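If you want the building blocks of each chain, they are given just below.
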Amino acid sequence: MIWLGLFFGVAAGAAEVAFRLFASSVLDRSFLKQGWNIVWAVPLAHLLLFGILGLFLALVWTRWRGEGLFRVALVGLVAVGVFAVLLNYHSLHLIARTLLSLGIAVQFGGFLWRHPRGFRRFLRAVTLPAIGLVAITPFAFRAKDAVFERRAMANLPKARTNAPNVLLVVMDVVRAADMSLYGYARKTTPNLDRFAEQSVVFDNAFSTAPWTLPSHASMFTGRYPHEMSADWAEPLDDMYPTLAERLRDNGYVTAGFVANYFYGMPEYGLNRGFIHYESRRMNLGSVMNTSAFGSLLLGRFNRFTKSYYRPERRRASEINERVIHWLPPRGTRPFFVFVNYIDAHLPYVSPPPYDLKFARTEPPTRHNRIGQQKTDSELRGLHDVYDGAIAYEDAQLAALLQELRRRGQLSNTVLIVTSDHGEEFAEHGWVSHGNGLNLPALHVPLLVSYPGRIPAGTRITDQITLRDLPATVVDLAGLRAEVHFPGRSLSRHWDSTQQAMHGSISPLLSEVKPWKGESPWYAGAKGEMHSIISGRYHYILNGDKREELYDIVADPWEKTDLAKRPDAKPVLMDVRAALTSAMGSGAQSTATVGLK
Amino acid sequence: MYLGPDTVLPFASAVAAAAGFVLMFWRRLVGSVRLAFQAVRRTFSRIDPQK
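For the protein sequence lines, the chains are A and B, in the order given.
In terms of my numbering, the first sequence opens at residue 131 and continues consecutively.
In terms of my numbering, the second sequence opens at residue 770 and continues consecutively.
No wet-lab data here; the hints were simulated from the structure.
A couple of the hints might just be wrong.
Only some residues are given here: those of chain A computed to face chain B with a beta carbon under 10 Å [what the hints assert, rightly or not]: (1) TYR219; (2) ILE225; (3) ILE234.
The structure displayed is predicted, hence computed values, not measured ones.
Even for Gly, the Cβ is constructed at its ideal location relative to N, Cα and C.
Model the full structure from these sequences, guided by the hints.
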């Protein structure tokens, strides 16, 4: 019975892999989410699930041995296997999926029942070699990565003498408004508040997109979202060079440690240029979760136990451990390390004491799904645990910096701390991000530190866009002559020689495209949105061409739309022109892409 | 015409459910059809067109 279970595990795993390869190449022509790891992870998940089923059947078999039971077991295992594969085809109702699985199981199980000899021979010939193949493949994948890393390290050119290290820390989903660094009443970022005394702090930094992939892509390429491929179901392609590629080409050893387990996956393209890259955690739970059936069971488990377990999700402490384990010794080569923390992302789950640091009791929920509206008490609870998660990330960031200081590596490191976007807490209806372009989702923290090279304890009130980050990094790394990125270095805010240099200021342009599963009452559901910040005004052009205009100085939460007011007409004309110009300037600048 | 998962779902589900039902009871369905066919044939063979 156990072998029977394992055989159907192998068969269901192979069928699911085949279906997903077929779907990605023929049905929806999408790319393989979770990459080629599915060729071993999905069969391994099925082997585990069906192995447990086989074990259970074997126990039953010891008590009620008989033809009838064997026949039921055969049909049952086929039915579960077919159901598991059909879960990958989302356009089927649960009842239809169950009926079809049972129908196929009755026919196929009956066929196997009528051909016992051939079936037994096939089972013996296939099961053991297939299990061996599934066991070996992950090691082969790991060996391939190790060979790639070794070759890339061997081929690195010599770095510039005294080139500084670069550490980019992205606190995913952390909005500036919820940080004590920016005057928030709760002490969410005590460590960053102190670190600000050694840094330049930008009070008005804005992301180019309200969600992870395009925002990170902008930080890596200096491009606006409309110039790039990065979208909900489309990875960042290799049209534009990334910061990691250019630093690697100039002798930097590059590594990414990314807790965002979905859009941070290598398949979405943010890994380009990193010699070493780690994103989703691979353990038993995440292997199970790669299969549709395992994912369904995990969802049911979470619902039943009221937990928020995501096996792929790494806490900031684990990310720190990985970074410290990997860091090259001082004085060898300069490094570029990209760190992404995701603890402040829905569901807002951080370890004690941070999980309830700002909440008296466990909140009604720590999660919100697309389209859900929350009661006031649920909103308050969500906001409390979100703030706790920010405090956790702040503490972990301090621990990472402390370790770098202990190793003597911080003094020669350009450190940038920011976020890819903010979060909405029903200020405009919805909880989450990626659904609109209002300020809570765009206003992000930004600290830059480079001991002895940039003025410590400086606060910059000028408005800037994260699009300027790659230009800033190459400038601070002393590579301005070798590498060019669109945008202008932020050092113009403290360096008088930079201020004198000509060049236009990057427009504060932000964009978002609709997600196909968007709830119709979200702003983003009406189509592609664009927004521009021009002085004290924030102009939003919705997908249905409806305009919004906010005075973000007088109304930072954007509660009063000025677009319909007669006295707003001159401002509207200005901001419309600014948006048109920004969209055009992006397109023009593509002509100079990749010159260096 | 828009053909997305939401528009395909009811149609695909109906077809899949019907297919599943037919596969589950294939033998009985075939047997019933055969019996019905034989019954009709017997009825018609009793009626002699010459009479």
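Of all the hints given earlier, name the ones this structure violates by number, lowest first. When the structure is compared with the hints, none of them turns out to be violated.
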